[in-house]
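Undergrad: Assemble the whole structure, with the sequences as input and the hints as a guide.
Counting from 1, one number per residue, gives the positions in the first sequence under this note's numbering.
Treat the hints with care, as some may be off.
Computed spacing ranges between beta-carbons, pair by pair [what the hints assert, rightly or not]: (1) K313 to N432: 50 to 58 Å; (2) L238 to T284: 25 to 33 Å; (3) E360 to T284: 18 to 26 Å.
What the hints contain is simulated information worked out from the structure, not anything from laboratory work. It should be emphasised that the depicted structure is a prediction, and the values quoted were computed from it without experimental measurement. Backbone N, C-alpha and C fix where the C-beta goes; we use that ideal spot for every residue, glycine too.
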Amino acid sequence: MDSKVRVRFAPSPTGGLHLGGVRTVLFNYLFAKHHGGEFILRIEDTDQTRFVAGAEQYILDTLNWCGLTPDESPLHGGAYGPYRQSERKAIYTQYAQTLIEKGFAYYAFDTPEDLEEKRKQVPNFQYSRAHRMEMKNSISLAENEVSELLKKNTPHVIRIKIPDEEEVVFTDIIRGEVRFDVSTVDDKVLLKADGMPTYHLAVVVDDYLMKITHAFRGEEWLPSAPVHILLWKYLFGLDKMPKWAHLPLILKPEGSGKLSKRDGERLGFPVFAMDWSDPITKETTVGFKEKGFLPEAFINFLAMLGWNDGTDKEIFTIEELIAAFDLERVHKGGAKFDYEKAKWFNQEWIKKTDNKILAELLQPFFDQANIEIHERSYLIKVIGLVKDRCHLLTDFITQSSFFFAAPKSIDTAAILPKWEEKKQAFFTALSNSLKEMKGKPLAAELETHFKTLAATHEIKPGDLLLPLRIMLVGGKFGPGVFDIIESIELPDTIARIVHSLQLLSEK
RNA sequence: GGAGCGUUCGACUAAGGGUUAGGUCACCUCCCUUUCACGGAGGUAAUACGGGUUCGAAUCCCGUACGCUCUACCA
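TA: What follows is the structure, given as structure tokens:
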């Protein structure tokens, strides 16, 4: 690289950040850090009608949770601010003006109603060479008419004048050479009637001013790339233009099409990185964080959606991702989102994460479930016992709640079919004998005791183990029975057996 | 309709002219485990179609089909 790599992520603050957005951030971040460059967050809030309060903070929080902190942003500052486009309004006006002066853009006075009408009349209406002269603009109108309209402050926009014939060619890092015959694109609005720029003007102006060297965005932007390239040519010169890469889309798990918030709701998985509550509708959309994902797993999973390092390695730390990342190995085709695989990544990361750290991360989940943790060290021990069977952090609640309080319900229906007098007698004897034991016996000790007692009652231990488990945890799940007894200790164990025995006798 | 992009097991993907087309998730079987997992060993399963080029094509070329994205004073 001849100059320092600078990349940017430029979201509109209109709601929660979804998977595709986070992956775009991730690829930007990985690329920047791989090359020792900078990652910039720019807020594209030029559409006041879609602006949502709190969305910007949410984006910052999300990036923070993911560990993808920008080097420059509205929050962090930087030498190329302001980083909110709404605060850069005057800058865009100036460039739009330049384009008009050079004849690459023109004023258009058509009202939204005019356009709607025209679109109704003409089947595939394009505001372009074919119909430009039929519209109300500074090309079709006489010069004095135009200056009159401008003087009277008639609402107007500024449109780019797409050349009649020109082939725009550029090299996309992922896709290679891409060609467009410009005659099929229309005269996009550059500056809106309210004086705000559209995306088209704003990206190129800001990418230039912020010295962006590489511009990555979703594949949905590919069709408008010729407009941006023309603008670069007119305004700053193609030699200054960043290298482009259009990232493949993240698709619905079944069927086809871009993954949307709705798909998550329909299929029961998160699509946003973190919980998002719409300030107006008050509707909350669940996020990966609250669903129980580790940020490392979330990032790891996203990285593997459309990229791999060419080996069989799948579990990567962020440092490993930075070291291995190479845009040219990014896939061209879209990737379907697979929630099962996402959970697998999370499980792998849970296994990898130290129990002490897990205890800290788990605390809020236990708090929310109203489970009181008296001793952190006890929590850590329990985590070690159950972590192998947890895909999500929320699984720890169901997998371990019985370590902290007696189960709310006992699945007696699972015991009853094979329940008999002599088992009743055994468990009575067991609870009595446990009362005799002192201190905190270890699992192995307890197991020996249990088996000896079973033998004297002439019952196979296997016939007794499942009922015991259900008495202790409420159902057919959880770690080894004797590990559980060792942890919850004698008094609780006895209480649970006695309680269950009573339930069973009532049936 | 137009333009652009894409297409390897159900899913994510590897293989960049020569492999029995490999790995992971999911699914199935077995082992371990007197629960559920974890772990271990196996299994099912793919180059969209048709033409070329070539001794040889998943790979290069052309066409077809299908899919997707865009086609707003939204990004």
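Undergrad: Taking 18 to 26 Å as the stated bounds, is the beta-carbon spacing between E360 and T284 within them?
TA: Distance hint for E360, T284 holds at roughly 25 Å.
Undergrad: At the C-beta level, are L238 and T284 separated by a distance inside 25 to 33 Å?
TA: At roughly 46 Å between Cβ atoms, T284 and L238 fall outside 25 to 33 Å, so the hint is violated.
Undergrad: Taking 50 to 58 Å as the hint, is the beta-carbon distance of K313 and N432 inside that range?
TA: 56 Å, holds
The structure is inconsistent with hint 2 alone, although it conforms to all the rest.
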